[in-house]
Structure formats: C-alpha cells, structure tokens
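Chemist: This is what each chain is made of:
Number of protein chains: 2
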Amino acid sequence: MPRQDLEYPKEPFSTVKRKGHRGRYELETIHQIINSCPLLHVSFAAPGSPFPAILPMIGQMGSFERPSADLGDVLDLYLHGYVSSRIVNLSRDPADANTNEKGLPVSVAATHLDGLVLALTPMHHSYNYRSAVLFGHAEVVTDTAEKLYAMELVTDSVVPGRWAATRVPPTPAEMQATSVLRVRIAAGSAKIHTGPPGDDRADRDDAALLARVWTGVVPVHATLGAPLPGPYNQLVHVPGYLADYVAESNADAEAYALEALRTVEEKPKTTADDD
Amino acid sequence: MPRQDLEYPKEPFSTVKRKGHRGRYELETIHQIINSCPLLHVSFAAPGSPFPAILPMIGQMGSFERPSADLGDVLDLYLHGYVSSRIVNLSRDPADANTNEKGLPVSVAATHLDGLVLALTPMHHSYNYRSAVLFGHAEVVTDTAEKLYAMELVTDSVVPGRWAATRVPPTPAEMQATSVLRVRIAAGSAKIHTGPPGDDRADRDDAALLARVWTGVVPVHATLGAPLPGPYNQLVHVPGYLADYVAESNADAEAYALEALRTVEEKPKTTADDD
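Just so you know, the protein sequences line up as chains X and Y, in that order. Going by the working numbering, the residue at position 133 of the first sequence is 134; the numbering climbs one at a time, nothing skipped. Going by the working numbering, the residue at position 269 of the second sequence is 270; the numbering climbs one at a time, nothing skipped.
A hint or two may mislead.
List of simulated lysine to any residue pairs, SDA-like, C-alpha gap at most 20 Å [claimed, not checked]:
hint : chain 1 : residue 1 : chain 2 : residue 2
1    : Y       : Lys18     : X       : Pro48
2    : X       : Lys11     : Y       : Arg87
3    : X       : Lys11     : X       : Glu102
4    : Y       : Lys20     : X       : Ser180
5    : Y       : Lys11     : Y       : Ile186
6    : X       : Lys11     : X       : Gly73
7    : Y       : Lys11     : X       : Gly49
8    : X       : Lys11     : Y       : Gly49
9    : Y       : Lys18     : X       : Leu91
10   : Y       : Lys20     : X       : Leu40
11   : X       : Lys20     : Y       : Ala174
12   : X       : Lys11     : Y       : Ala47
13   : X       : Lys20     : X       : Ile193
14   : X       : Lys103    : X       : Glu147
15   : Y       : Lys20     : Y       : Tyr9
16   : Y       : Lys103    : Y       : Thr143
17   : Y       : Lys103    : X       : Pro51
18   : X       : Lys18     : Y       : Gln177
19   : X       : Lys20     : X       : Ala188
20   : Y       : Lys103    : Y       : Leu91
21   : X       : Lys18     : Y       : Leu91
Quick look at which bits of chain Y chain X covers, simulated, 3 or more residues with Cβ under 8 Å [stated by the list, open to error]:
hint : region
22   : 52–59
23   : 110–117
24   : 162–168
25   : 215–225
Calculated from the structure, these hints are not laboratory results. Positions of the beta carbon are idealized from the N, C-alpha and C atoms, including for glycine.
My request is simple: use the sequences and hints to build the entire structure.
Modeler: Structural data, given as structure tokens:
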C-alpha cells in the first residue's frame, strides 16, 4: 500500500494566501527545507518590547523517541546555537496563558535563494526560492540523553560525521553551558518558486523591447570553499568525510539551482495573478 | 574634522547580551549587512494568532528625501516583494495603541553565513557570520514618486542598473499591484563573528586529540552562476552590466569569506565566555 504523505494542518496563521497555488503542506517538503538550511530565523513575542524578537539560530528536525524516523514523519525541531538567555528563560515558563499549551510560541523560517529571475519589466522580476515556516512551542530539553541526541544532530548538520570525529562526549561543564530547545510543531507551510521569467503578453510581443532587454535566470547557490586549517591544526590532509562533504554539498547546491530554473511551475487554471 | 560614526540607541530590546563584545551599533555596519543581503526575514505580531508572523522579503535602506545619503546616514528601510496582504493591511493602521507610534512594529533580520568553524570539540564549533536586526514601524508608501524611488532601489539591489535596462516606468496597473512599505527605524544592532576556531587550553594541549581532529574553517559564500537565457530572450550575449555584476559579486563574496576566517576577533579583557 502506498504510504500517505503526511501534511500539516492549514491553520489561519499558517495558510499561504498570496500565490496560494505555491503553498505546500507536506511534512517531507517542509522538513527538507529546514534541515538543509544552515541558519534559521526564530521569532517570538518579547515581553515588554513593542517589537517581536528575531534571531538567527541553528536547528534540525529529528525524533529522539524514534531516531530512525524519516523526513516525512512527525518530528520535533531542535534549536541550538546563539541561544539568548531570553529565549531559553521564556521557554522555561510552564504554559502559554492564552492557549494553555506548554512552552514558548515561536515561529521559525528557513529560506534558500535559488536564482535571480530577470524579466522584461521590474514587476515580473522575482527570485527562485524555497521557503518554509514552522509554528510551535519551544521547551528547554532537560533530559541528558535527549540533549546529547540533539547536539549530535545539530553538529552533524554542519558537517555530516563531525560529532564522532571530535572530542566527545562533552564534559559536564560543557553540557551545563549548552542549551537545547525542543519545538513541538503545531503547523507549517512551504512556498517554492521555480522557473524562467514570465512577462505579460503585451511586453513579450514588443519586438523593440525584446531586442533590448536580456531575460533569464542567474542561478544562485551556496559554495563551500577549500577547508583552511586553523592555527593549531596538526593534520596535513583534510579528512575524507570533510573533503567529500564539501564536494557533494557544492555539486548538490549547483544542481538544484539549475534544476529550479528549468522547472516551469504549474499554474492554477484560473488566475489573473501570474507573476 | 573627522565625521562622527552615527550609532543606533541601545534599547533593552536591541542590545546584544550574549557575547556582548560582538555587538555593533554603527549605522554603517548595520546598513551594509542589510543592503548586501538578498533576503530579509520580517517578523510582526499577528492579531488572533498565538505565533508571530515571519516572512522572507526583499528590502533596501535608502532615503527618498536625500537619495545621495550614504550607508552611514539615517535611512529608512523599504520593503517590497512577497508582501502578504496581512502585513500591508496592518501597516495601514494609523497608530500602535501601546506606543502611540504610527505604523506596524516590525523586526527585520539579515544574516550572512561566512564560514563553518570546526573545532576540537562540538562546544567550540561555530559559524563565521554577519547578522543585523532592525526594529521599526512600517507604513505603506502612498506617494507615487517615493514608491518609484523604492522600486528602483530594490530592483537595482538584485542587479545594479537593472531598472534602467528594463521597460520602465511601470504602468498604472503595475503600480497599483505593487506594495512598498517604509520602515522608520527605532533601533538596531549587528553581531559579527570572524576568525579560526578557539578551543580550550586543555584540548589544545592534548597531543592525541590534535593528531586525530582536523581544525579550521570552511569558507562559505553565495555564488551566482552563469546567466541562462529564458524562453523568449532574444539577446545573443549577456549584457556587460550583468556579466560584470556576476563576476564582481562572486569575487567580493569569496574574498569576504576568506578575509573573515583570517580576522581574529578582539576579545574583551575579562571574560570566561570565550567561544
């Protein structure tokens, strides 16, 4: 029996309204965008401030209960890194007074830029991109085994296999100094834009304009450069797992950007809103 | 007389607390990070939702009153792009009830990843990065001349000179379909991390560990690929302004990532918090 793709519920706060046909709700699509993004942006209400807090953090989707779960399964988001004491302290609060949910309500965004889409008119310029947002409740991880699971998950997201290649386990002082948040996901959505520019018919029929303006896509991808040893490195050669990751990551990133610009979006059958 | 560097005020919500010595408040530093970031993340309170809204948008700092202002001057942030009707509608509200300020309180983050910093222990792994956050009040731009100024500013941030190379000005229908927000900035800060890994003395003195673990930095930068023509492009050659931008952008991005990893941070004189 074919496995059903799990989807996040379409909540009023999570439903893609503008260009709704680009909205995606499958867990696998959303989790893939999050896990391949080296930096997430996390937002939460900041008590006493008129402005929400927003900060870059490192995070990964995973399941401590079932570490073999795949990307399309129900997963938690583990956040780590530049954890301000504010987000950690707020996540220790027992419950959200409004919703009776435990944990701090957070919104998490991951966005990949895949191309500059250059059209005949500024109006139809756009980016090729993959964007995901998750909404959930963050709590501080207190169980040592779960904390170690999340630290390994996040470290290996930077370079696969890196955790086991370093001095582990962390000392008790290192464990104490590190905070990990587990976000229980309530909803999420993704938006993906691909393809070449699509100008209006009137501009595409303007021979003088076509003769003057270059149209197409500049693919964009992240590049990892050659690893450069630090001041106390003693290894003459870059280890295989690291050299391989640099090569594979670059090849995959470039391939995706090129595939994205060649993938023409399916348009909804009736819409006047076609950029 | 040397010009004084302008700084944003250190408000309780904008002051860098963790690794405070990395906090930067000069307008020029912050505006530079924002203007070189192809995607910003914008957050605001979403009425009726337990979670703040967060969305990727395109934006640029500029001054409609004084277009020749430089990056270190007082500037507004113009936002454009994937403007959901929600953020535009909320920005039309006359005033924030709590602060009596006009406009929607928004927080805007821009982050560049510059390197993977690989240390002897997971604890001291980090990223080289440049991160900026601005806090301000967003209002919808209604003046046509100001809207055109902002549309050109944003289009030229994608590829310098692109606006004038396309079919402009926009038609009245195109102007109608486009929303531009002007964010009046109340405060902001930046955080910059550079340099090679810095492990604890005990690990750096462990000869067996040094013999086993590669340490250093993998530089990371965005790459613009070769421009690929779209289906109705008629120009045989990529125009000079575009080819030049691709080449310069790649050279600058790679140079920054390499410079970042060679720049050792000044550490505060007294701190136990040195990763």
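Chemist: All hints are to be evaluated individually against the structure, with a verdict given for each.
Modeler: Hints, verified against the model:
A hinted pair counts as satisfied when its Cα atoms are at most 20 Å apart, and lysine 18 of chain Y with proline 48 of chain X qualifies at roughly 16 Å. Proposed proximity of lysine 11 of chain X and arginine 87 of chain Y is supported: the alpha carbons are some 17 Å apart, at most 20 Å. Restraint check: the Cα-Cα separation between lysine 11 of chain X and glutamate 102 of chain X comes to about 19 Å, which is no more than 20 Å; the hinted pair holds. Under the criterion of a C-alpha separation no larger than 20 Å, the hint pairing lysine 20 of chain Y with serine 180 of chain X is consistent with the structure, at around 15 Å.
With a CA separation close to 13 Å, the supplied pair lysine 11 of chain Y and isoleucine 186 of chain Y stays within the 20 Å bound. A hinted pair counts as satisfied when its Cα atoms are at most 20 Å apart, and lysine 11 of chain X with glycine 73 of chain X qualifies at roughly 17 Å. Taken as a hint, the lysine 11 of chain Y and glycine 49 of chain X pair is honoured in the structure, with Cα atoms around 15 Å apart against an allowance of 20 Å. Distance hint between lysine 11 of chain X and glycine 49 of chain Y is fulfilled; the C-alpha atoms sit about 15 Å from each other, no more than 20 Å.
Proximity of lysine 18 of chain Y to leucine 91 of chain X is assessed by CA-CA distance (about 15 Å); at most 20 Å being required, the pair is judged to hold. Restraint check for lysine 20 of chain Y and leucine 40 of chain X: the C-alpha separation of about 18 Å stays at or below 20 Å, so the hint holds. Of the pairs offered as hints, the one joining lysine 20 of chain X and alanine 174 of chain Y holds, with about 18 Å between alpha carbons and a cut-off of 20 Å not exceeded. Note on lysine 11 of chain X and alanine 47 of chain Y: the hinted pairing holds, with a Cα-Cα distance of about 16 Å set against a maximum of 20 Å.
Restraint check for lysine 20 of chain X and isoleucine 193 of chain X: satisfied, since their Cα atoms lie roughly 10 Å apart, inside the 20 Å limit. Restraint check for lysine 103 of chain X and glutamate 147 of chain X: satisfied, since their Cα atoms lie roughly 18 Å apart, inside the 20 Å limit. Our distance criterion of 20 Å between C-alpha atoms is met by lysine 20 of chain Y and tyrosine 9 of chain Y, whose separation comes to about 18 Å. About 15 Å separates the Cα atoms of lysine 103 of chain Y and threonine 143 of chain Y, which keeps this hinted pair within 20 Å; it holds.
Only pairs whose Cα atoms come within 20 Å are accepted, and lysine 103 of chain Y paired with proline 51 of chain X is accepted, the gap being roughly 12 Å. Distance hint between lysine 18 of chain X and glutamine 177 of chain Y is fulfilled; the C-alpha atoms sit about 19 Å from each other, no more than 20 Å. At roughly 19 Å between alpha-carbon atoms, lysine 20 of chain X and alanine 188 of chain X fall within 20 Å of each other, so this suggested pair holds. Restraint check for lysine 103 of chain Y and leucine 91 of chain Y: the C-alpha separation of about 11 Å stays at or below 20 Å, so the hint holds.
With a C-alpha separation of about 15 Å, the suggested pair lysine 18 of chain X and leucine 91 of chain Y falls inside the 20 Å cut-off, and the hint holds. Only when three residues or more bring their CB closer than 8 Å to a CB of chain X does the claim for the region 52–59 of chain Y stand; here the count is 7, and the claim holds. For the region 110–117 of chain Y, the assignment as covered by chain X holds, since 4 residues bring a beta-carbon within under 8 Å of that chain's beta-carbons and 3 suffice. For the region 162–168 of chain Y, the assignment as covered by chain X holds, since 5 residues bring a beta-carbon within under 8 Å of that chain's beta-carbons and 3 suffice.
Figure legend: the region 215–225 of chain Y, annotated as covered by chain X; annotation consistent (11 residues with Cβ-Cβ distances under 8 Å, at least 3 required).
This entry satisfies every hint, going by the numbered hints stated previously.
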